[in-house]
Amino acid sequence: MNGNLLKNIFVQTQNAKSFITAMKEAERAAGEPRLLVFWGQAGRGKTTAARFFSAQEGWTYCRAKTLWSELWMLQDLCFELKVDPVPKRKKPCFEAIVARLEDDPDTVIVLDEADKVSASALEVIRDLADITCVPWALVGEKLIMHKMKRERRIWSRTLKAVGFGPISAVDVLYFAKEAAGLKLSAAQGKRIEEAAEGDFRLVVRDIRRIKEIMIASGHNDPNDDVIKRALAQGLRGN
Amino acid sequence: MGVFTPSAIANAVALERYSQRKQVKNMLRDFVKRGEIERIATGLYKYRGLTVKRTKLEVVWHLVRSHRTFTAAEIERLSGAARPTVLEYLNCLKGFGYLRKIDKYHWRLVKDPGPDAPVNTAKCKRLKEIRKTAGVTRTQGGLS
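Just so you know, the protein sequences line up as chains A and B, in that order.
Note that the working numbering has the first sequence beginning at 1, numbered continuously upward.
Note that the working numbering has the second sequence beginning at 1, numbered continuously upward.
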């Protein structure tokens with residue numbers, strides 16, 4: 001996808017680091033209801049971070065659906081928690097999930113697109129978090145914060161709320177070094193960050209272009225002129 | 001088991017000779033190396049437990065299920081497995097009827113058997129043998 005100019009690796013941005021730090025804190029805070037919320041606008045890397053860490057750590061990952069009813073949600077959770085056969089009614093589903101989580105208290109559940117969850121389904125999650133005390137990470141857009149804050153009983157059980165912000169200059173420097181092997185100065189990193197307006201995809205595009213210009217012009221170091229040309233090409237939509 | 005000394009272990013299994021007690025110390029050093037116990041001070045150890053590391057295959061399967069529609073590059077980036085390893089496993093899954101290739105780059109999960117990674121151990125073993133005999137070296141990843 002990147003040609004061979006950039007390494008195809010997952011670079012942990014500040015947002016990704018905040019995600020894993022909060023989750024590890026929650027794992028340590030055993031014995032109390034542990035709801036976590038990760039929110040931010042689309043394109044900030046919430047889902048990528050959730051998928052990456054769920055896969056690496058072996059957490060249970062479940063994606064909410066727009067049409068989710070309480071029963072549908074419970075059945076999807078049963079399936080993800082390897083309850084076989086999946087019960088057809090709410091009560092046995094709920095009981096099966098509780099039994100499974102009590103058997104394996106190290107389980108961590110990541111619920112992506114959680115802003116689609118209805119208020120009543122959110123209450124079910126609160127009950128499950130209360131009874132089982134396993135960490136529940138709810139990942140979604142800003143709406144999830146409103147939904148959780150609206151219900152005091154849910155908000156009071158929320159251990160941590162982490163906002164996914166725009167990409168920082170530090171992230172740009174780190175990405176350039178890890179993916180492209182470029183050592184940029186702080187000022188150059190800031191310049192790229194400002195040009196991308198916090199969008200990570202644009203940063204990737206700009207770094208790739210810097211690398212291309214360096215190869216074409218035979219430069220070994222990314223000087224200010226190279227950065228300027230790369231950003232100017234970006235603005236032209238090339 | 002909490003904090004302990006090598007002598008406590010040697011006494012518990014009734015080892016009295018110096019050479020035997022030395023063996024206990026050496027064994028503890030191996031445990032420290034693989035992270036099962038932690039050396040908290042000179043001659044003082046703490047049991048941490050052995051964490052089972054997830055295999056690349058499990059990570060790839062988890063990512064396949066969470067993405068549903070994906071490219072091999074995405075799975076490679078997030079799993080940390082080498083591209084040939086990813087493609088090998090994706091083709092295995094395609095053969096089992098779990099995945100379908102929808103165009104040159106995109107794959108889709110068409111049958112979801114659940115969180116446990118489906119694996120044809122006989123086939124994976126055979127592929128491993130083929131790699132070994134072909135002398136293909138891998139820097140990252142692996143099917144087991």
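Where hints are given, some of them may not hold.
Derived pair list, reagent style DSSO-like, types lysine-lysine, alpha-carbon separation capped at 30 Å [said to hold, decoys possible]:
(1) B:Lys56 - A:Lys24
(2) B:Lys132 - A:Lys7
(3) B:Lys53 - B:Lys25
(4) B:Lys53 - A:Lys82
(5) A:Lys228 - A:Lys24
(6) A:Lys160 - A:Lys149
(7) A:Lys17 - B:Lys56
(8) A:Lys17 - B:Lys132
(9) A:Lys24 - B:Lys101
(10) B:Lys111 - A:Lys82
(11) B:Lys25 - A:Lys88
(12) A:Lys17 - B:Lys25
(13) A:Lys177 - B:Lys53
(14) A:Lys116 - A:Lys7
(15) A:Lys24 - B:Lys46
(16) A:Lys7 - B:Lys25
(17) B:Lys104 - A:Lys7
(18) A:Lys65 - B:Lys111
(19) A:Lys177 - A:Lys7
Pair by pair, the computed Cβ-Cβ distance ranges are [to be verified]:
(20) A:Gln233 - B:Gly35: 41 to 49 Å
(21) A:Gly181 - B:Pro84: 40 to 48 Å
(22) A:Ala187 - B:Asp112: 19 to 27 Å
(23) B:Ser7 - A:Leu5: 56 to 64 Å
(24) A:Gly198 - B:Gly35: 20 to 28 Å
(25) B:Tyr47 - A:Lys177: 52 to 60 Å
(26) A:Arg201 - B:Gly35: 33 to 41 Å
Computed far set for chain A versus chain B, every beta-carbon distance over 10 Å [said to hold, decoys possible]:
(27) Glu80
(28) Leu202
(29) Gly218
Simulated from the structure, these hints should not be mistaken for laboratory data.
Ideal Cβ placement from N, Cα and C applies to all residues, glycine included.
Outcome of the hint check:
1. B:Lys56 - A:Lys24: holds (22 Å)
2. B:Lys132 - A:Lys7: holds (26 Å)
3. B:Lys53 - B:Lys25: holds (26 Å)
4. B:Lys53 - A:Lys82: holds (20 Å)
5. A:Lys228 - A:Lys24: Violated. Lys228 (chain A) to Lys24 (chain A) sits at ~40 Å, over the 30 Å cutoff.
6. A:Lys160 - A:Lys149: Roughly 12 Å between the alpha carbons, so the hint for Lys160 (chain A) and Lys149 (chain A) holds.
7. A:Lys17 - B:Lys56: holds (22 Å)
8. A:Lys17 - B:Lys132: violated (38 Å)
9. A:Lys24 - B:Lys101: Distance ~36 Å between Lys24 (chain A) and Lys101 (chain B) Cα, so the pair is violated.
10. B:Lys111 - A:Lys82: Holds. Lys111 (chain B) to Lys82 (chain A) sits at ~16 Å (cutoff 30 Å).
11. B:Lys25 - A:Lys88: Violated, at about 56 Å.
12. A:Lys17 - B:Lys25: violated (38 Å)
13. A:Lys177 - B:Lys53: holds (28 Å)
14. A:Lys116 - A:Lys7: The hint is violated at about 35 Å.
15. A:Lys24 - B:Lys46: Within the cut-off at roughly 21 Å; holds.
16. A:Lys7 - B:Lys25: violated (43 Å)
17. B:Lys104 - A:Lys7: holds (21 Å)
18. A:Lys65 - B:Lys111: holds (18 Å)
19. A:Lys177 - A:Lys7: At roughly 10 Å apart (the allowed maximum being 30 Å), Lys7 (chain A) and Lys177 (chain A) satisfy the hint.
20. A:Gln233 - B:Gly35: 41 to 49 Å: Given a distance of about 48 Å, which is inside 41 to 49 Å, the answer is holds.
21. A:Gly181 - B:Pro84: 40 to 48 Å: violated (23 Å)
22. A:Ala187 - B:Asp112: 19 to 27 Å: 49 Å Cβ-Cβ, so the 19 to 27 Å window is violated.
23. B:Ser7 - A:Leu5: 56 to 64 Å: holds (58 Å)
24. A:Gly198 - B:Gly35: 20 to 28 Å: violated (38 Å)
25. B:Tyr47 - A:Lys177: 52 to 60 Å: violated (38 Å)
26. A:Arg201 - B:Gly35: 33 to 41 Å: holds (37 Å)
27. Glu80: About 6 Å separates Glu80 (chain A) from the closest Cβ of chain B, which leaves it inside 10 Å; violated.
28. Leu202: holds (18 Å)
29. Gly218: holds (29 Å)
Hints 5, 8, 9, 11, 12, 14, 16, 21, 22, 24, 25, 27, counting from the list given before, are not met by this structure.
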